[in-house]
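2 protein chains.
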Amino acid sequence: MNSRFLILAEGAFSPLRSKTANACIRYTPEQVVAIIDSGRAGDTAQKVLGFGGDIPVVASLTEGLTRKPNALLIGIAPPGGQLPASWRALILEAIDNHLEIWSGLHTILSDDPEFAARAKSRGITIHDLRKPPADLDIARGRVRELDGRATVILTVGTDCNIGKMTTQLQLRDAMRERRMRVSFAATGQTGILVEGWGISVDAVIGDFIAGAAERLTLQAAKDADIVLVEGQGSIIHPSYSGVTYGLLHGSLPHAMVMCAQPSRTAINNHPWVKIPPLAEFIDMQERAAAPLRAAPVIAVALNTYDLTDAEARAAIERVERETDLPATDPVRFDPAPIVDAIDVFHRKRFAVTAGSTALGAGVR
Amino acid sequence: MNSRFLILAEGAFSPLRSKTANACIRYTPEQVVAIIDSGRAGDTAQKVLGFGGDIPVVASLTEGLTRKPNALLIGIAPPGGQLPASWRALILEAIDNHLEIWSGLHTILSDDPEFAARAKSRGITIHDLRKPPADLDIARGRVRELDGRATVILTVGTDCNIGKMTTQLQLRDAMRERRMRVSFAATGQTGILVEGWGISVDAVIGDFIAGAAERLTLQAAKDADIVLVEGQGSIIHPSYSGVTYGLLHGSLPHAMVMCAQPSRTAINNHPWVKIPPLAEFIDMQERAAAPLRAAPVIAVALNTYDLTDAEARAAIERVERETDLPATDPVRFDPAPIVDAIDVFHRKRFAVTAGSTALGAGVR
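Chains A and B, in that order, are what the protein sequence lines are.
Take the first sequence: its letter number 151 is residue 151 in the working numbering, and every next letter is one higher.
Take the second sequence: its letter number 171 is residue 171 in the working numbering, and every next letter is one higher.
Everything hinted at is true.
Calculated cross-link-like contacts (lysine-lysine; reagent style DSBU-like; alpha-carbon spacing at most 35 angstroms): (1) K274(B) with K222(A); (2) K348(B) with K274(A); (3) K68(A) with K120(A); (4) K131(B) with K131(A).
With the Cβ distance kept under 8 angstroms, some of the chain A side facing chain B (calculated, not the full set): (5) A139; (6) G206; (7) P238; (8) S239; (9) Y240; (10) V243; (11) W272; (12) P291.
Because the hints were derived from the structure by calculation, they are not lab data.
Note that the structure is predicted; figures quoted are calculated from it, not measured.
Ideal placement from N, C-alpha and C gives every residue a C-beta, glycine not left out.
All chains should be modelled from the sequences, with the hints used to inform the complete structure.
Spelled out as structure tokens, the structure:
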């Protein structure tokens, strides 16, 4: 049974704040029947986000139920990811109406006695996207086993919520069109929702973050030449840098794609942490990876959603000049410059001629 | 009731492998009645570790019980911190003999149905040193609130198990002798055991590592001018760097003390990760902190346990020359050079003249 999601985004449905909702609407719009946000009721997803067509925004669960959903998706993640108390009644009501619950909160809803009991009595399932596997291990540098047969690409960024997941999904789709053997390793609740599997590495306990990244990367490499690992956070983020580093050192990328937003000059919600100029940040990022594996940043993905077309093109040109790297906004424009950079990097590693899919063994 | 620990270190009692056992013996020897390690039975702590006097090593729980313990301390932490299956019967037998259980494993023993039921039936408590508080939050840069009244010093290191906790405890004791107002913020199970409180940051889920460090640092600063934060891991550790960075960016130290072992050239168990020359590593460490707060490394603590006295002195001189920083082995020799460096740094921050304990408010 396919999901028909009613998405809870109360008070937060917008281009930057409702991250999980937005990705679900962008990549699987056919599975979304409506979005709950009383402040935007009557609007459409297209009007609020610029994509998503005529999926309606509704004022309440009751109104949303008229659209015949079979699941409630918690589409927003408050800082810290805890469950706001005001949502409890709404979730219970959704369960009473036989909606499955999909949640990316840190609060594991299926472990909550009241939710668990109610769900059991109604015969529905609670899906906690952030619940990590029980059998995680520490990292052991095992991604190096892939050196002879695959290329691991990690998106990294100057800040959270800047395009690390979206860039990988755009690259994945573009690479599939070119018939490249590509896979996407989802590391956050939204990516897991879109891809159907993954581990939310920010919900893993500290000692196992890198181990979770290692396991994911190896698993994603099973049938792929190119593994696109979803990055998290930023090496300078005051709250989440631990997750960023664990993911970097566990996934051991061969190369990185830098995600940035030209208009962002400091970490969101932390104006005291300034974002250095991009060329300097790229140098910091490469230094962060180097002690374990020298991995260059080979392209830049710019998030230009708040710029005009002309401003966006100017920003891309300026970044290309300043960093000497190919750059684009892979959502607004063609992701080809980044796909090309990865393709060339991968072919050089394996000395494969264009058009061939055979891989040399152990070359690097 | 004071604890009288019987320490489980089966198969691992040695200077480098039984970290929790060793710290307990070094800092609270009066609380240790015996150590279980059948391979070293008949030896003393002094013979195995070089300290600990005549605390005996025994072959079994049964033999240890003759020493009248009232608690069993799990004194070793296997990689990953999980409970080896073979210890289950031994722990149950200890509970049956009315020993309290103290554990620093990632496996939370008090959450294990069999252990919990048995402990309840025998009326004893299971103390899980690594169990994090339930109400953790993300970091918000709040350590900056201390800027006007305290100095935060973090120990950092080239690798795990190299002296970050021990250095802080040696500094704490030396500072107390000088009547400095100092506190120790324990971030690992062993430090928590020694200090009586703290949070094991490596057992906290990724998004809350920095938040846990922030909370600990603020709490430790309540009645102290100098806060000594126990470091964890290494910025280049392939398994644990996430914890290291979260702790660094959450505790926001004003200065750092670098811990290193002259004879160690690669990360333990990861020979593929080489440790750069110390001056280069110090530069990397300062760059890792700088985007959030410029914090210099102001001294070096060398772990010379595997060198002769002459070799140790030569290593210290060489490091002082190469790094232009004061260095010592704070266990083997007087920790004064590091204490002096911290004292001078603290006084400069607050422009306090020697001999005064008054602090200027809001300086910097």
